[in-house]
Structures are given as C-alpha cells and as structure tokens.
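K.L.:
Sequence:
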Amino acid sequence: MRARRIALPILIAALAWTLPAWAAGLHHDLDVTLDPNTRRLEVVDRLHLPVGDRTLHLAPGLTVGDATAGGRPLPVNRSGATLRLSVPEGAGEVVLRYSGTLAPLSTEARGDGPMAGEEGAYLPAGSGWLPASGDMLGGDEPPTWRLAVRVPAPFVAVATGRLLEEARGGDSYRAVFAEERSVEEPSLFAGPWQVKERQDGDLRLRTYFHPEQAGLSDDYLDLSARTIDEQARRIGAYPFAGFSILSAPLPVGLGFPGLTYIGRQVLPLPFIRAQSLPHEILHNWWGNGVRVGEGGNWCEGLTTFMADYAAAESRGPDAARAMRMDWLRDYAALPADRDSALTAFRSKVHDASQIVGYGKAAMLFHMLRAEIGESAFSDGIRRFWTDHRFKEAGWTDLRRAFEGASGRDLGPFFEQWLIRVGAPTLRLADAKAQADGVTLTVQQGSPTYAMTVPVAVETANGTVWGSVRLDGRQATTTIRTDAPPKAVSVDPAFDLFRRLAPGEAPPILRDVTLDHAANTVIAADGDAAQAARALAERLADGKPRIVAPDRTDPVAPLTLIGTTEGVDRLLALYRLPLVPDSLAKRGTARVWAFRTAQGRAVLAVAGDDAAALQALLRPLPHYGRQSWLVFDGAKAEDRGVWPASDSPLRRALN
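Sequential numbering from 1 applies to the sequence shown in the working numbering.
Worth double-checking, as some hints may not be accurate.
[Unchecked claim] Taking lysine-lysine pairs in the DSSO-like style, the calculated list, with each CA pair at most 30 Å apart, reads: (1) LYS486 to LYS543; (2) LYS432 to LYS486; (3) LYS635 to LYS585; (4) LYS585 to LYS348; (5) LYS391 to LYS348; (6) LYS635 to LYS348.
Simulated from the structure, these hints should not be mistaken for lab results.
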C-alpha cells in the first residue's frame, strides 16, 4: 500500500482466469467472511508456499484456529505477530483458518491497521489482516492471490485486483478478485455504498459512493477516463483492469493498485477532482505499476510533476510559476537541520519530508526536462515504464532511461540534486546596459552547482529571454536585444531549485511550524487555553515547545496562540506589531505570520473564544503556505500571501 501521504448488475459472469505459476513464491487463495457491524473477520487462506522453514506475520488480534499442510495438521509456533512453520516436501497447499474481532473504525484513526464498524471496513495491505511473508519483507516478490469475500447487506465489498465475479442476494453481497502479477498484497474495503460503473474501452471504472454523493459520480468517472487515457498516451497502457473511487469514512486520502480511498467529507471539494484524483490515478503507473526500489522514493516527485504540475501547466504559465514558487517558499521555510538528501526520502511522515520528497523531486524533473528537451524527456518516461513495469526501480534506473533517450551522461546532474543536502544560492553581481543588450555576471555560493540560469531582459518591445551557464562560482554573458534594455532579472519564473533570495520569500506559517526550536506561548485561560494547547500540537511539525511568557528564547521563532485579547497583550509585551488592520475584527479567528526587523519569524493565532480556536484544529494545519487567514468557524473565508519585497536578483538599468 502506498499511504501517502477520494446501477450494479445483479451478477457479472466470471472472467476466464488461469492460476499463475506460483510454485516459485507465495500465493494466497482466500475465502473471507466479513461483517462490519460486528467487526468480525473469518478467513480461510490456502497458501502456496515454497518448501522449508517459513515465517509469516499476522495481526496479533487474529487467532489461528487450524493449520494443515497436504491435509495433515501443521504445527505453527506463534510469538506476537510472528508465525513460524515448516512446509514439508509434497505438502501441496498450506491451509490456515483464522478469525478475530477487528479494531473499531474511528473517524479519528490515522489509517494504520485493519478496522471495521457500522460505517464499513478498512483492511489495507501491510496491516496484518492476512499472513504476510517474512521472507518477502527481505526482498522477495509480492504474492499473487485470489480473494472471495462475502459481506452482509447493505454493505458492498471491494478489493484491489481484477474483479472476476460479483453477486448480490437478498441479505448479502459476494465478490471475487484476483491478481496474478507481482503488485502487492490485497487490500479489502467494505461500505454501505451505491455503485456506479462505466466502461472505458476494456477498463471498468467505478465509484463506490454514499447516497448523498451519487450526484458526483458522473464527474468522477469522466475525469478518471480522461486522466487514464491522457497518461496512457504519455507513458504506456494503464496497468490494471480498472479504477475505482471509494468514499471513506476515515479522514484520509490513500492510493492503492486500481483504486483510491478518499475521505467522505472532502469528496465534494473541487481540489480533490482537480488535483488529488489525477495524482492518485498516476500512482497506478508510478508506485504500483513500477514499485519503489532501493536508493530513495522517486515516485512521489515524478507523480507530483506529471499530475499536479502538469495540471498547473495546462492552466497557463502563471499557474505553473505559482506552483514552482510554492515549492521554493516551502523550502525557504525548512530549517537547515531538517533538510535531507532526496535519496533519504522514503515517504511523507511530516511536512519537512514532503518539502524534499515531493517539491524538490518535482523540481528535479522540471529542470531535467529543460536540460534534455521535451522529446527526450517524454521518450525517457516511456523507456522507464517499458523496462520496469511490475518490477522495483530506483533513481539509477530513471537516470539510465533518460540517458538512453537523450544520448547524454546525466550522472553529474542527478548526483548534485539527489545526493547533496541543500540548494544553490544565486547573486546578480553586475549588470551593464548597452544599446543592443545587457552584459551581466551571476554568482553562486558554495558548494557550486552546474546549471543553466534563465535570465529575462525587459525592453520597450517586450521581454527577451536568455541564460547564463554556471559551472563554477560565477559566469558572465551578454544577452542581445532589439531595443534598449530597461531591467534584468535572474530566474524570475523560479525555474531552478534554489534558496530564494531575500525579498523573494514573504513570511508564511511554515516559517515557524517547521522549526523544532520554535517557542509557543499560550495566550488564554480555561477552556480557551485547552483549545490553544490542542491547536499548538496540531500546528507544530513535531512536538511544540510550550513555554511561559517570560521564558521565551528571544531569537527562536515564536508562536502565540490564544484569545484575541490574550494575543494582543503578548504582542504588546514583546513589543511586536499588533494585528494588521486588514485582518482586525474580521471573522471568528485571525492568523498571520511576520518577521521582526532582526529576522525572527513570528506566528500569531487569535480566536474570539474557545470555540473559535477549537474550530481551527482540523483546517489550519493545511494552510502552511499562507501568510495570513481569516476564519469564520472552521471555514477559511479569506487568505493570502504577503507581497514580496524587491528582489536582489532584479536590477533596473539606466
């Protein structure tokens, strides 16, 4: 599982199915009875295991009632979640019968383990709901499998893999799914859903939505079909039998092979369709179709570039520039001690890891496309897919695919962006106007990067674009124009991954929330203080340092959370600016970030009362890229980023 981190026929005829050649590895043939209301799970697993000593892992809450090999009793030694058994010669199949009561399905759950309840069931791959091979965890291929599941009405069950059969009776629903390739263990879900289906060529597209979401199905199915067709043209044939969108009772957005599981409350929101759904569909190629191997997680950055960023590009150059600027502002807010190499990124465990693993990686692909050209980049994508589908692959494999497509040695390019921690800094050291152009010198800090730096020259006839090739500390070039130059700017569209120059990075919430050294002061009493402390825990990308007002570190980033009166008092105590006039007395809560003259980052969160602060618990942590917000309850009714000041990378020419 990649957690990263959305008119039913009565009977569908069984599709032709041939069991895979499982003798060389692990194969599951599962009969599952699942009752979400009672949270009861009962499984018969007919395992095809290689001969010899084997280790399996099963969730501790599930009890093995019976085990046989070739029809004879098979001893199973259990310690916690670990099952140890020895498969004898000629045993044929090993049969494990196990059952248990799953943990309650909670809307506050993080989505880490198998759960069930009256809202449905959630049994993701890797959560221990079926016996996982200990040997597979050491590097063996994922198992193949066949899964038959029965749930009582009104529930419907869906699993990853190809749907082979399904039938609905008066009091139950039964379906059979299978996967004959090395993808991952099955994930299984159930819910009181209405199912709508559409065919897109040979692909079965479905929505599993709650009744109040029925009106959303057509839009989701249309977008799924368009996205799959577009990406198939760019990459290669879609790798699964179909794609399904499941309405989740949990507040999550997760991708699985052939389906996505998206929180019920956010499914109606436009950004889910515009950005989240295409992202999850693309993960069927990157992450599920080609699995992440050794040397770092490349798939989140490539998916962000080919889905999120491609959508921004389709809206125009201003939207694409804004997304690149967001990535660089995020990086500017990242403290140096939380930075890491791209090769160290495995998954999003906090905002700091996302800034590197998603934003920096996506910028790498943006820069690579500019470096080798659109044609070679597109060819490299197709080569990578063709060579590695249903296999593990790493950054080295990506590099080789792009080298083959471009005919160039890209080792130095990938090495400087993958292995190094940090980013280059740029300086416009000199610029002299001439009648027909401008001569400029660009410098960079140490260590140096090899890069082509875009330059824009503004003239009375429009903007002329050029570049400076930097392979050392500085380089000088002349850019010719057809009219006298008026101004020159270095990388004004943010096409390079770099540290923003002073003036390019206005204060945002993440300047404070990402910094583990930040001090937090609670400016409230009673219930409001309790709500403020809970909000401090939610905002900090780690554990907040809550201190008394007279115990703050005068140079550490500072967060003030409390009532309007309490925050005003602390701002006055610390001789800091009061709430900006543009925010004062608006909404039920106001949030703003700023920097002192000495460069200290400050974040203020002021609510009218305890309820206003409580309402911010869920929404506010999602707005780290903003400079200011006004909330009416839990709704952000206004937000924005403070204007950037003059950039030292732009110079007017006389």
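K.L.:
Could you work out which earlier hints the structure fails to respect and list their numbers in ascending sequence?
P.N.:
1, 4
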